[in-house]
Structures are given as structure tokens and as C-alpha cells.
Amino acid sequence: MNKLKLATVWLGGCSGCHMSFLDLDEWLFDLATQVDLVYSPFADIKEYPEGVDVVLVEGAVANEDNLELIKKVRDRSSILVSFGDCAVTGNVTAMRNPLGDTESVLQRCYMEAADIQNQIPHEPGIVPTLLETVQPVHAMVPVDVYLPGCPPDANRIRAALEPLLAGATLNLTGEQIRFG
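Residue numbering for the sequence shown is 1 to 180, as defined by our numbering.
Quick caveat, the hints were computed from the structure, so don't treat them as lab data.
From a predicted model like this one, the values you see are computed outputs, not experimental measurements.
Backbone N, C-alpha and C define an ideal beta-carbon position, used for all residues, glycine too.
Watch out, some of these pointers could steer you wrong.
Said to hold, decoys possible - In silico DSSO-like cross-links for lysine-lysine, where the CA-CA straight-line distance does not exceed 30 angstroms: (1) K46 to K3; (2) K71 to K3; (3) K3 to K72; (4) K71 to K5; (5) K5 to K46; (6) K72 to K46; (7) K46 to K71; (8) K5 to K72.
Unchecked claim - FRET-style restraints, in silico, Cβ to Cβ: (9) I79 to D30: 16 to 22 angstroms; (10) T133 to N2: 39 to 45 angstroms; (11) M111 to K3: 45 to 51 angstroms; (12) E162 to Q107: 45 to 51 angstroms; (13) P98 to N2: 45 to 51 angstroms; (14) F42 to L99: 18 to 24 angstroms; (15) H122 to L99: 14 to 20 angstroms; (16) E123 to D101: 19 to 25 angstroms; (17) N2 to F29: 31 to 37 angstroms; (18) T169 to G100: 40 to 46 angstroms; (19) D23 to Q117: 35 to 41 angstroms; (20) F29 to G51: 22 to 28 angstroms; (21) I79 to E132: 15 to 21 angstroms.
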């Protein structure tokens, strides 16, 4: 039996969606019989692979590293699931957008509000450059499935994964599509 290739990605967000994924508890054992987890913050895999069947993308696109990764993820994945409210709408991650351009945000956070060592972090190759605005995933690449929630609870995640893994069309309704 060929297992589906499943990936999870963490962009600009808090990791709450991944914590809810772990709340699948015993169902994770069933899931492991159906998929190969080929990329995730749960595993030490450095390069996003080719030929991913389903990917859950948590977080908004907030910096150049996020943008580069989401383009690669879209290119190499069949079904991209916008996973949680930050990925779907920008949510908390996008709260910096009304504060102005990146320079004013960095000045406020690292210079004006700092207690000690006032300096803006900058190390090419280590500290990614912020995008001018934080964007939800669909603003950067096409999204196949939206899974709202902050974070989506384990039952909602399972309700989304089961049909996708079976090759069926996903049809979330009612409580399953509630934000927040």
C-alpha cells in the first residue's frame, strides 16, 4: 500500500495549530498507518520535498523566508490546506499591519520599547527580512482547502483530514467552519 505524503508547515504564527494537531491523540496512530510525514516542525527535515499529497500550512506570510517557503510548498504539493485563522485571514500575525511600514514596527519594538540592548536584529541569512505587510496564505499562492479556527480543534482537523486522505471532496459545514 502506498502511503500518502503528508506535510505540515509553520509560517508566521504561534504553533497553536500544530499543538491541536497533536491533540489528535490516539488517532495519530491510525493516521501514521495511512501517511508518511515527509515535512513538519515535528521532524528534523531541512528541505521541503517534491510530490507532497496534502500539506497543512499554519501561520501567515510575514517575512521573506515565509514567502519563499510557501511558493515552494505550493509548487510541490497537490492539496494545500490553509490551517488556522492566521493562515486563512492573517489574524493575530497581521496585527502589525496597521502599525505602518516595517521600519516603524521594528523601531517601536526593538528601540522604543526595549529595556536593554536597544538594537534592531539584523543578520543576513539568520534573521529574515519582514514583508511590508503580513498576508494570509491565499494572498500569495492558491489554496485548496480552508480550515479556520484559532486554533482549529482536533475534531475539526480530523474531519478535514479523513476525507482528504480517502481521496474524497472535503465539505465542512456548520461548527466546522467557525472562526476563532
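So, going through the hints one by one against the coordinates:
1. Under the criterion of a C-alpha separation no larger than 30 angstroms, the hint pairing K46 with K3 is consistent with the structure, at around 21 angstroms.
2. At most 30 angstroms may separate the alpha-carbon atoms for a hinted pair to count; K71 and K3 meet this at roughly 24 angstroms.
3. With a C-alpha separation of about 22 angstroms, the suggested pairing of K3 with K72 holds against the 30 angstroms cut-off.
4. A threshold of 30 angstroms between alpha carbons decides the hint, and for K71 with K5 the separation of about 18 angstroms falls inside it, so the pair holds.
5. Proposed proximity of K5 and K46 is supported: the alpha carbons are some 16 angstroms apart, at most 30 angstroms.
6. At roughly 13 angstroms between alpha-carbon atoms, K72 and K46 fall within 30 angstroms of each other, so this suggested pair holds.
7. Proposed proximity of K46 and K71 is supported: the alpha carbons are some 16 angstroms apart, at most 30 angstroms.
8. With a C-alpha separation of about 16 angstroms, the suggested pairing of K5 with K72 holds against the 30 angstroms cut-off.
9. Between I79 and D30 the beta carbons are some 19 angstroms apart, a value that agrees with the proposed interval 16 to 22 angstroms.
10. With their beta carbons about 41 angstroms apart, T133 and N2 fall inside the hinted range of 39 to 45 angstroms.
11. Distance hint check for M111 and K3: the Cβ-Cβ separation is about 50 angstroms, which falls inside the suggested range of 45 to 51 angstroms.
12. E162 and Q107 have their C-beta atoms about 47 angstroms apart, which keeps the hinted 45 to 51 angstroms range intact.
13. At about 47 angstroms, the beta-carbon gap between P98 and N2 stays in the expected band of 45 to 51 angstroms.
14. Judged by the Cβ atoms, the range 18 to 24 angstroms given for F42 and L99 is violated: they are separated by roughly 32 angstroms.
15. Here the CB-CB span from H122 to L99 is close to 19 angstroms, well matched to the stated 14 to 20 angstroms.
16. Here the CB-CB span from E123 to D101 is close to 21 angstroms, well matched to the stated 19 to 25 angstroms.
17. At roughly 19 angstroms, the beta carbons of N2 and F29 sit outside the given window of 31 to 37 angstroms.
18. At roughly 42 angstroms, the beta carbons of T169 and G100 sit within the given window of 40 to 46 angstroms.
19. Here the CB-CB span from D23 to Q117 is close to 38 angstroms, well matched to the stated 35 to 41 angstroms.
20. One distance hint, 22 to 28 angstroms for the beta-carbon pair F29 and G51, holds here, with the actual separation near 24 angstroms.
21. For the pair I79 and E132, the supplied restraint of 15 to 21 angstroms is violated, since their beta-carbon distance comes to about 30 angstroms.
When held up to the earlier numbered hints, the structure conflicts with 14, 17 and 21 and fits the remainder.
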